[in-house]
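K.L.:
Sequence:
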Amino acid sequence: MSKCSDFPYLPQFFECEDEILDQLSNRPGNQRCVVGRDELLLVVHEVPEAGSPDRVPLIFWRRQDETWIDNGGHKGLRKLGELLDRYTKLLDEKEDIIDEADTAQEIFDLARIAAPLGRASRNLGLAIDQTLVHDEDNRELRSYRDRAREVERASEQLSHDAKLTLEFWKAERGEEQQATAEKLNKIAFRLNLLAGFFLPLVALGGLFGMNVDLPDFVDGWFWVIFCGGLTLGGTLVWLVARKTGAGS
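Take the sequence shown: its position 208, counting from 1, is numbered 208 in UniProt numbering, and each next residue is one higher.
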C-alpha cells in the first residue's frame, strides 16, 4: 500500500518521503511548500469561487531526481501555468463585466469574488517563493511566480474598481435624490404661495357669504371686496417671497 494512502488528496503514485508526510494532515491545508530531506511538495489551490469556503488542491511533487510530477501523473509544472491561465481568464471576464454593469448587484458580485481571488493569488505567489528557495535555478517556476504577482495586482485592481464604482453610484444616487428633493420643495413652496394668494379672498368670501342679514350697500361693493382680497393676497405673497428669497 502507498505511504500516501492516509492522505486522500495525494495521488496513490506519490511516494513522498517520510519527512514530508510527517508534516501533512488529512486535509491539504493552505498553499505552501512542504520541504523534505531531498524532495519538495508544492500545495496550491484551484481558482476560488465566490461564497464557497472550500478549496480544491493541486499538488506538485519534486522527486529526488529533481523531476516535478503533478497530481495527474504528468511531468513538469504545466498544470501550474494552466491554473494561472484560469485566473487570468476569469479576471478578464470580470473586468469586462464591470465596464458594462448596470446594477449594484452585479458590482457587488464582482467585489465578492475579487477579494478571494486576490488572497488566493497572493498565497500562491508566496508558496512559489518558498519553493524557489529550494529550487532556485528553476526558470519556469520563477516565471509562474511573476505571473502570480500579476494576477494578484489584477485582483486588487478589480476589487478597487468594484468598490469605487459602488461609491460613485452611491454618490450619484445621493445627488439625484437631493435634486429631486429640491424640486419638490420648490413645487410645494409655489403651491403654498398660490394658496396664500387666494387666502384673503377666500376669507372675505366666507365672511360675507354667511347666512346672516347684511346691509344693502354690501351687494354693490362686490367688485371692491373681490379686488381688495386679490390685492391683499398678492401683497402677502410678495412679502413672503421677498423674505425667503424666492424672487431671486
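Be aware that one or more of the hints could be misleading.
[Unchecked claim] As a list, the in silico EDC-like pairs of lysine to aspartate or glutamate whose alpha-carbon atoms are at most 20 Å apart:
{"id": "1", "residue 1": "Lys-75", "residue 2": "Glu-93"}
{"id": "2", "residue 1": "Lys-183", "residue 2": "Glu-172"}
{"id": "3", "residue 1": "Lys-163", "residue 2": "Asp-85"}
{"id": "4", "residue 1": "Lys-183", "residue 2": "Glu-167"}
{"id": "5", "residue 1": "Lys-163", "residue 2": "Glu-46"}
{"id": "6", "residue 1": "Lys-75", "residue 2": "Glu-182"}
{"id": "7", "residue 1": "Lys-79", "residue 2": "Glu-156"}
{"id": "8", "residue 1": "Lys-79", "residue 2": "Glu-95"}
{"id": "9", "residue 1": "Lys-89", "residue 2": "Glu-175"}
{"id": "10", "residue 1": "Lys-170", "residue 2": "Glu-100"}
{"id": "11", "residue 1": "Lys-89", "residue 2": "Glu-46"}
{"id": "12", "residue 1": "Lys-75", "residue 2": "Asp-38"}
{"id": "13", "residue 1": "Lys-89", "residue 2": "Asp-38"}
{"id": "14", "residue 1": "Lys-89", "residue 2": "Asp-146"}
{"id": "15", "residue 1": "Lys-170", "residue 2": "Asp-85"}
If you're looking for bench data, these hints aren't it; they were derived computationally from the structure.
Since the model is a prediction, treat every value here as computed from it, not as a measurement.
K.L.:
Determine for every hint whether it applies to the structure shown.
P.N.:
Results for each hint:
1. Lys-75 / Glu-93: violated (30 Å)
2. Lys-183 / Glu-172: holds (17 Å)
3. Lys-163 / Asp-85: violated (25 Å)
4. Lys-183 / Glu-167: violated (24 Å)
5. Lys-163 / Glu-46: Measuring from Cα to Cα gives roughly 25 Å; hence the hint is violated.
6. Lys-75 / Glu-182: Since the Cα atoms of Lys-75 and Glu-182 sit roughly 69 Å apart, the hinted pair is violated (cutoff 20 Å).
7. Lys-79 / Glu-156: violated (24 Å)
8. Lys-79 / Glu-95: Violated, at about 24 Å.
9. Lys-89 / Glu-175: The hint is violated at about 37 Å.
10. Lys-170 / Glu-100: Satisfied, since the Cα-Cα distance of roughly 17 Å is no more than 20 Å.
11. Lys-89 / Glu-46: holds (13 Å)
12. Lys-75 / Asp-38: Roughly 18 Å separates the two Cα atoms, so the pair holds.
13. Lys-89 / Asp-38: With a Cα-Cα distance of about 36 Å, the restraint between Lys-89 and Asp-38 is violated, given a limit of 20 Å.
14. Lys-89 / Asp-146: The hint holds at about 17 Å.
15. Lys-170 / Asp-85: Roughly 34 Å separates the two Cα atoms, so the pair is violated.
In terms of the numbered hints stated before, the structure departs from hints 1, 3, 4, 5, 6, 7, 8, 9, 13, 15, listed from lowest to highest.
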